[in-house]
Amino acid sequence: MNTQEKLKAFQQRIDKGEKIEPKDWMPERYRKQLIRMMSQHAHSEIVGMLPEGNWITRAPSLKRKMVLLAKVQDEAGHGLYLYSATETLGVKRQNLVEDYLYGKAKYSSIFNYPTLSYADICVIGWLVDGAAIVNQTMLAKSSYGPYARANIRICKEESFHKKQGYEMLAKMASGSPDQQKMAQDAVNRWWWPTLMMFGPPDTESPNSAELIKWRVKSKTNDELRQSFVDRSVMEAQAIGIEIPDPDLKYNEETGHWDFGEIPWDEFWRVIKGDGPMNRERLKARRKAYEEGAWVREAAMEYARKKKLKEDKAS
Amino acid sequence: MSADHSNNNVEWPLWEVFYQPGNGKPFEHAGSVHAPDAEMALQNARDTYARRNEGIAIWVVPSSQITASTPEDVGPFFDPANDKAYRHPQFYSTPRAVKKRT
Amino acid sequence: MNTNQNIPKAKKELVVEILLRLADDRLIHGHRLSEWAGHGPELEEDLALANVALDMIGHAAALYKYAAEIEGKPDEDHYAYFRDDIDFKNVAMVELPKGDFAFTIARQFLFSAYSYFLYEKLIETVGDEQFNGMLQKHFKEIKYHFRHSREWVFRLGDGTEESHERIQHAFDEIWMYTGELFSLDDAERTAIDKNLFVDISELKEPWLALVKDTLEEATLTLPDDDQYMFSGSRQGKHTEHLGHLLAQMQFLRRSYPDAEWK
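Sequences listed follow chains G, A and S, in order.
Heads up: the first sequence is residues 1 to 314, going by our numbering.
Heads up: the second sequence is residues 1001 to 1102, going by our numbering.
Heads up: the third sequence is residues 2001 to 2262, going by our numbering.
One chain only, chain G, in its complex shape (with noise of 0.2 angstroms):
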């Protein structure tokens, strides 16, 4: 077969709803976009870590410390898993996170932005993971088996997430006077980044046309971020929480919340670097990797010494 031919097959399985395995044919682009968009998926998960782990030291009950402790722990064990998948197209993990750390990637621009209060820890469950929840469920049906896989494991353990979070935002809620006014203004600034979780509006993703061809992805950044947008609100609603949206309104029409402007320009903005957080988050990060370095260093002269040793008494 000459690479038209293979591509026309490749084009027929993806359109029959089959899944491409590591040693499938696929295309180099799709490759590419793949790790990519898996990897960048990874980083957003580990560096996801610590605007949470900024109140694993300080949640108000041992219960939430665990609940809280837990889910930074899972935010890790998704980001190998992730890392893990897209391995197996034939790169190496840590040159993927060196990537993010000394190079161009990025992650999820989310995370770019402070914890203040603890009522922030209950809107990222609510919020983000809802947001991240919306996103991985579409993606537990990509074409690429290791990725989908990858997200149905994400998505079992994460809907706790979202519960614990939302859980204890109503509490604050309907707490005393200080809980709701933690609470509120948690939701004030973190509404519009969550909506910019779903990336760029639809006529300015130069990705999303190929991913869904491919069927990467099923459903489009506006789609996304529209199923959101309505569930969100109902959401608000049954706990009395405001969202700071003047412009939203339901569409008798279409059945659907319209929604005020997104501030494209802060999104681009922090993109590109320049968020409240992200020199911080960086320099945790880097710190934490080349602090490490010893450690992983020592594990593996140890093995090392080790089967020099077995080699020789054997």
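Misleading hints may appear alongside valid ones.
What the hints assert, rightly or not - List time: in silico BS3-like cross-link candidates among lysine-lysine, alpha-carbon distance up to 25 angstroms: (1) Lys306(G) - Lys2262(S); (2) Lys219(G) - Lys106(G); (3) Lys162(G) - Lys2262(S).
Claimed, not checked - A few chain S residues that face chain A, going by a derived Cβ cut-off under 10 angstroms, partial list only: (4) Glu2042; (5) Leu2043; (6) Glu2045; (7) Leu2047; (8) Ala2050; (9) Asn2051; (10) Lys2140; (11) Tyr2144; (12) Arg2147; (13) His2148; (14) Glu2151; (15) Trp2152; (16) Asp2158.
Don't read these hints as lab results, they were simulated from the structure.
No residue lacks a Cβ here, since even glycine has one placed at the ideal position from N, Cα and C.
Chain G is already provided as a structure; the job is to place chains A and S on it using the hints.
Here is chains A and S on its own, set in the frame of chain G:
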């Protein structure tokens, strides 16, 4: 990526993780972990893939030791079985009276 | 002032005293380990450290909960959030700042080995069914903490020159805090009489033998055991580190004590 930052001379090798979801059940592939040696691979697999009591036993094996069939093998490996209907129980008929009882 | 005023006499009070000693060790140690979340030397180890931290905080919560039932306090949070440093009964070793990975591992190894022998004996001794049930459940996890940290002691001790130096230094630094793990006080003596505790001074020998073997295999030197030993934490005489840890841990809960936080 600038080379002077790179700490990538010591990436721990990759191990494939299999776990047994319950007594008597066959092992399933869970994913992979990085670890410097077998003992740590086992511990890392436990901490990564059995955080929610997913398994009662774990296997780890260096990824480099896995030999996998290639897509080109699909025809010769798996097609020949397609015409061996006699390997499947549906190939055989069972008297109706027996069927009812089971 | 009668220095004995804090020694509980009634069995009920003694049970609480022992529960809190065990629980405080675990909460504070778990808290220190939780500081690693997102900052571990490798992704897999980040998960492992969080697992140990979760186990320890979980053990503490269960023990506190039982103490709260006995004392008629509202819940486990009462002990974690509404006591001051002079009321905490943990050993000083667990409140020291997390340090580097070598320090974290050295401490976890020494403490897990101690917990291993302590729980093994406690399970044989403690008659209180509910208490004993908890001990048995937690013992399984302690065995894993011990295994994990011991394997790392081998790797760091017999790894590179740098790792060897770092973990040797960590053991040398922590050693002065190991003394109080094995020193009995009056409360414990009374508890022993009532089958609520064990003679921890007897644990020193098997503990030291195990530590010595492990360090030897890891090409490390056992620190001089005949040196100044820190003491008094069980009676509330802590290092300066605990106050800062508690200030962070308790601030939110104490700022709004009447709000719902569970």
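Results of checking the hints against the structure:
no., hint, verdict
1, Lys306(G) - Lys2262(S), "violated, 49 angstroms"
2, Lys219(G) - Lys106(G), "holds, 21 angstroms"
3, Lys162(G) - Lys2262(S), "holds, 16 angstroms"
4, Glu2042, "holds, 7 angstroms"
5, Leu2043, "holds, 8 angstroms"
6, Glu2045, "holds, 8 angstroms"
7, Leu2047, "holds, 5 angstroms"
8, Ala2050, "holds, 8 angstroms"
9, Asn2051, "holds, 5 angstroms"
10, Lys2140, "violated, 13 angstroms"
11, Tyr2144, "holds, 8 angstroms"
12, Arg2147, "holds, 8 angstroms"
13, His2148, "holds, 6 angstroms"
14, Glu2151, "holds, 6 angstroms"
15, Trp2152, "holds, 9 angstroms"
16, Asp2158, "violated, 12 angstroms"
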